[in-house]
Structures are given as structure tokens and as C-alpha cells.
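Each chain, letter by letter, is given below.
Number of protein chains: 2
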Amino acid sequence: MFEINTRLDDHLGRTGTIHTPHGDIQTPAFIPVATKATVKAVLPETMREIGAQALLSNAYHLYLQPGSDIVDEAGGVAAFENWHGPTFTDSGGFQVLSLGSGFKKVLSEEFNGKAHVDGQVAGKKERLANVDDDGVWFRSHLDGSRHRFTPEVSMRIQHELGADIIFAFDELTTLLNSRGYQEEALERTRLWAQRCLRAHKELTHERDTKPYQQLFGVIQGAQYEDLRRKAARDLGNMEIDGQRFDGFGVGGALEKENLGTIVGWVNEELPEDRARHLLGISEPDDLFAGVENGIDTFDCVNPSRVARNAAIYSPDGRFNVNRARHKRDFTPLVEGCQCYTCTHYTKAYIHHLFKAKEMVVNTLTTIHNEYFTIKLVDDIRHHINEGTYWEFKEETLGRFYANSGKKF
Amino acid sequence: MFEINTRLDDHLGRTGTIHTPHGDIQTPAFIPVATKATVKAVLPETMREIGAQALLSNAYHLYLQPGSDIVDEAGGVAAFENWHGPTFTDSGGFQVLSLGSGFKKVLSEEFNGKAHVDGQVAGKKERLANVDDDGVWFRSHLDGSRHRFTPEVSMRIQHELGADIIFAFDELTTLLNSRGYQEEALERTRLWAQRCLRAHKELTHERDTKPYQQLFGVIQGAQYEDLRRKAARDLGNMEIDGQRFDGFGVGGALEKENLGTIVGWVNEELPEDRARHLLGISEPDDLFAGVENGIDTFDCVNPSRVARNAAIYSPDGRFNVNRARHKRDFTPLVEGCQCYTCTHYTKAYIHHLFKAKEMVVNTLTTIHNEYFTIKLVDDIRHHINEGTYWEFKEETLGRFYANSGKKF
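Going down the list, the protein sequences come from chains A and B. Residue 158 in the UniProt record's numbering sits at position 158 of the first sequence, and the numbers go up by one each step. Residue 191 in the UniProt record's numbering sits at position 191 of the second sequence, and the numbers go up by one each step.
Just so you know, these hints were derived from the structure itself, not from any lab. This list has only true hints and no planted wrong ones.
Restricting the straight-line Cα-Cα distance to at most 25 Å, the calculated cross-link-like pairs of lysine-lysine (BS3-like) are: (1) K355(B) - K40(A); (2) K393(A) - K407(A); (3) K357(B) - K40(B); (4) K406(A) - K256(A); (5) K357(A) - K355(B); (6) K327(B) - K357(B); (7) K40(B) - K40(A); (8) K40(A) - K357(A); (9) K327(A) - K40(B); (10) K357(A) - K357(B); (11) K375(A) - K256(A); (12) K357(A) - K40(B); (13) K256(B) - K393(B); (14) K375(A) - K40(A); (15) K393(B) - K407(B); (16) K256(A) - K393(A); (17) K375(B) - K256(B); (18) K393(A) - K375(A); (19) K40(A) - K327(B); (20) K406(B) - K256(B); (21) K327(B) - K210(A); (22) K40(A) - K357(B); (23) K407(A) - K256(A); (24) K355(A) - K40(B); (25) K327(A) - K355(A); (26) K357(B) - K355(A); (27) K210(B) - K327(A); (28) K375(B) - K40(B).
Counterexamples of contact, computed for chain B against chain A with all Cβ distances above 10 Å: (29) E3; (30) T150; (31) R195; (32) A253; (33) D285; (34) R323; (35) E335; (36) C337; (37) F392; (38) G398.
For each residue, glycine too, the CB sits at the ideal point set by N, CA and C.
Just chain A, with the same shape it has in the complex (with noise of 0.2 Å):
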């Protein structure tokens, strides 16, 4: 299912392909986000234009809306939304607990050795997920329904959604979790993998004439090396009926400053001949410590939210259109750039559609920051098959960041 092609000396970094029934992805690769089953503000067609591999969604927002049955009586989430490609789904874990307990604002922030203080996140009473050791109970963040998920809950769901790559289902935890609560829910995560792979094996059966699901298991263990190896080791070597992780995602509280050291240590446990997908992450310095560590593939929804707010990405870093300067500036988004916005529109329309608040504009400008981050990550494939990845690293971070006083 993933093979490697070439390699990064002396680096956990490789190139490769993963091969799914829907067509191959040539890795390193950046899979934009269809949250709902569809990439917001921008028609399937015009993604694989600007060259997106495939698409990720989300398990808990399909399950809650249209329903994972509706999708699957469609042929899939693929057949329904028109993408003729690979698909992923993540496993609702993240959703379910960051829009549950209330510290979704928490994961965002950069951690600076802040206490660790479980009960930072919402008391037992107001949170909306609560977690025991078979499954959560959480309302849904739309009506305040009641819903349960277990590891056997979200592999239906996603076999039902029909994507290729499907993800185990975890407990996320933030950096301000204690260090106990951590291997808890580290042992717990271990537990519901076992679960996965059963439960996934026997879909597979049930559901025989579908297409084979790869799934991924998913390596918690926040900013402790310790944690983070042994969950890669544990999943990496799980067999459950003779069923086997197909690959594995990184997933849950990780400090940016260290995010290439914590991804390396899970790399440099798990098998090498599985692919690996980095979770939630497509800051340029974020993708080239990840790829160099090991990472094959991520998906990130920020390229296409920040669109929406007019911050567009640039080889000089990240502008917006909204500010007056751009009023009369009849040049495109990013000299050069060879997106459909950049070849089609100037600043000053974007600007003009922002102002007069047309929807076309978050098409246009979501279509511009991702093929940015799409084109990125290709690049740094190339390079890495060229032998020039160092180069190129220092090139584009370096004038990427070159107002940051970031060094790389």
C-alpha cells in the first residue's frame, strides 16, 4: 500500500507513494480538508487542477450531518461530494473531544510551560464529552443531542463514509494535561486501538464487495518521549486476528518549537514500511520539520481558513488583501504564482470582493493558499528526489520568515 522511493541521508524523510483504490499519492503530500464533504467555497475539479492528491474529512461532522448512512447509500463520501480520488476521514476523536470539553482554544496556543492543570479544561458538569474507558458521550456542538462514540462506533462510521485511509479512534489530550493523565489516556488509546483493529477487520468482511479501507492507528503521548515512543511501538507492532495498522497518524498536543523532535521520536519506532500522516499541521516550517522527521502526508484546514479572513500566503510570508494599500493594486495575489486566482485576478479585485462581501472571493482566495501549500509540499518532494532539499529548505523558509528573526 506505501512504498518508498527515495530517501533523505542520514533523515527520517523519505519519498514514496501510497496506492489506494482510488488512485495513487505521491508523497510527501499536503491532502486538503472537506470538512462537510466538500472543500468550503471551492468545487472538486477545481482542487485537482491546483493539484490536491486527495481529501480529507470529518468523521463526527458527517456522522452528526448529512448522517454516515445517507453518505454511504451515496457510494461513499468520494461519490458523494464528486472527487474522483483517494479519500481520508479522521476518526471523530478530535472533533468530538476538542469541540466537546471546551479546549479547542487551548491546542492552539503554544505551550510555555504553563502548569499542568487537568481541571483547566471544562469541569465535569459543563463539559460537553466526557470520557470513560469504553467510549465518550458527547452533545453534538448543532442541537445538544446526546451521542456516543466507541472505537467500534467510529470504524462503522467511517466504513460507512468509505474513505481509503480511516483513522483508529484516540483520546486527544492538551499539553496541560498531568503527565498522569497522559499515560491514562495513552493506555487507553492502546486499549481502543486493539478495538479498531478488530472492529475494522470484521467490517471488512461484513462489507466485502467495498473497496479495502486502509486504517491508521494513532500515536498520542503529547511532549513526553517516553510516551510517544511506546505508543508507536505498541501500534506498530499491534496484530489483532491478523490485522495490522496500514499506517499510522501523529496526532493530538504537540509544542511547535519542538514538533520535529517529538514527530521524530514516533518515526524513528514505527515500522518504516507504513506510511505516516501528520495531523492538523501546514505552517511551511511545520511541513519541513515534519517531512524530515519522517512525515508522508498532512492535512490542515488553516490554508483555507485564514483565506476567508484575506490572509494570503506569499514566498515572503503571509499579507492581507483587506488592508487599503491593495485598493489599486492591479498586480496578482503573488507575482508569478500559477494558481487560477494569480493568473485571472489582481489584488485589487480580491480586495473590491472583500469589501463588497461576494462569496466568490473565498473561492478565489482559498484556491490561492492552497495550491500555495500543495505546490510546497511538491516541491519539497522534488527536491528530496533531486537531492536538494537542504537548499531548498533554507531557501524558502529563509525568505518565508525573513521578517521573523526566525533562523533555519
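We have chain A already, so just place chain B on it with the hints.
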């Protein structure tokens, strides 16, 4: 600029071609509206694919934001919005008066013999627009700032916007205005038409490196036969410094049930070698009524506006795809429809996107409704050319309004 191809026997209807510097328009044709230099939620290439021959933008909106000077700097509205074809702009009069005087709603209601009450429009103090013989003072609906439109200002704005077909500045009235007021307004519009012709000639000379823009006079007169005929004769014969109108728009207060009759009065008087545009009309019965009474082009925001509210045009009338019964309907919006939406997506998916509040749903439903309307007028053209117009009309309207009790 306009040539007639085929005529409808014993009626004013005809097929023809409008020649513009940016391409030909085969008529009758429906011209989709790109109010603020974008068809809401749809990219210009997509509008081309679904058969749009030209786009119409609103001078009022583009004057306020980004400013017609900026559109001029961009090379005109077509270049600004990446539309490689003919464009129209209206004069701004409709928006200035309808948004400004608060009688927008009255206009869209049907006229049921209500008393003539000029005062039913907002009183002079509360109005955001006030007409005098020289022009109109109005307040921006965006920020309340005060502006002045005169025939000369409208002509300058429309020259800066640079559309191929532009309209004379006219005073809009409603069916609720008195006969006396209609006469006053009509005379004002006649005098403004003269000033438009003069200003247009001067601007054409001043900007002689730009492609020629065709100026259409606008025929008002509400529901009064004598006023409509007089207006059509006045503007049809009008010549100022050798400049005549290149075509005509039929505008203003129209009783829906007498639409064909009123349009017929106007077109019996207008010179037949000039194109005639019916402003703001797109319902199937109105399109037929317009065409057989001599209208060549139509524009309307309706197909796009109702699409964003989940109302879908089909040969069997309009339906709402938001209804619960479409949740598991895996058929296209309209069986057999060749639009992009119907050939790639199901009602179930579009239903899901509405419930999920995903922007791309506006793209998909707008594509369908614009395609439906464009194709309906294209089919009318085809059937006039083939000599099968009346059969086509009976079949199409009989089916569309089957459940309405209407007869055709």
C-alpha cells in the same frame, strides 16, 4: 450593431444578433446579472460554460464600491472581473431610486388596482433619494454618505465602467404614483435622455482609444398606453448632435398580467432595427410574453437570488431542495438536465450542503438556475428560427405552470 435574422409571423418577436467589440450576442438572450462585477458565487468561466453570452453589472454598486475610477484603471468591468465577452451596465437610476426611496417592495408586489398615492413612498424627509429636474440626490445604502447622480454623472460612470452596452439615466416610478406624477417623471426622463445622448457623444470623443459603447434609451410610462407610446416615439426618434440611441431598454413599473401588452405598445413604436432589452425580468411566462412582443434581451437577479434560498427551477415548476423529502434523494436536481450541477451532484448532496451551510451550495444551485433560464431563452430563439415557437411555448408553459391553474 443589431441585425434581425428571423421573424415571428404576425408578431413583433424576432431572432437577431447584437454585435459588440467583445463579441456577438445571439438574441433573444438572457443576460445574467453580475451586480458587483461577479455573478454571486459563480466564476466567469463557469458562466461561459453554462451558455451566458454577456453579463450585466450595476453602475450604482460599482460607483460606491470600488469606484468606477478603479474599474476604469483595471481596463473596464470585463477585464476587472475576468469576463471575456460582452458586458452591460445599467444606469444606476433603478438602484438610486428604489433603494433610496424605500419603494423597492412596492415594485415587486403586483398592482391590484391600489389607489394612486404618491405619498405611499416614503415622505420627503425620510427618503434616501430626492429627484429634481437636474438629477437625484441620494444616500448610499452602505454608509449613508450623500451623492448626486445626473445624466452626465451616470454617463461618466458608465464610460469608466466600460461595458459594451450602457443605459440612459431615467427616473423610475411605481404603479402607485399618480398619472400626473408619471407624466412629470416621463418628461424629466425625456430631457435626461437628451443630456445622456450629448454626454455620451462627448465621452466617446474624449475616450476615443476605447471601444465604442452602445447607449440604450430607457422607456418608462408605467401602465399607460399613451405614455408608453409617447416615450418610445420620443426616444426612438431622438437625435442630439447626430447621436441616436443604439438600442432601448423597457423599464419601470410593469403590471405582470399586462406585461406583454405594455411591451408590445413600446415595441410597435420603437425603430425595429435597434435591440430592445427588458430590464429585470426572468420568469418563464414573462420571457415568452416579452419575446413575442419584440424583446431581444433580458436580465434578472432572480435565478441567482432564489437559488441561494434553495428554490430550484425545473420544467415542472420551482421546488425547494431544502424539503426533508430530498434528504435521501440520490437523483439530480432535474433529471436529464445537462448543467454541471445536475450531471455531477444529487439532491441529497445539495440538501446536505444547505443544512451544513456550505458556501459551495450557492455555486451549485446558481449554476443550475442560471443554466435553466439561459437555456430557456436559447430554446425560444431556436424555436423561432425553426418556426415552432407556438408549440414550444404551449408545451413549456403548460408544463411549468401545470399546477398553477394558468392557461396559455
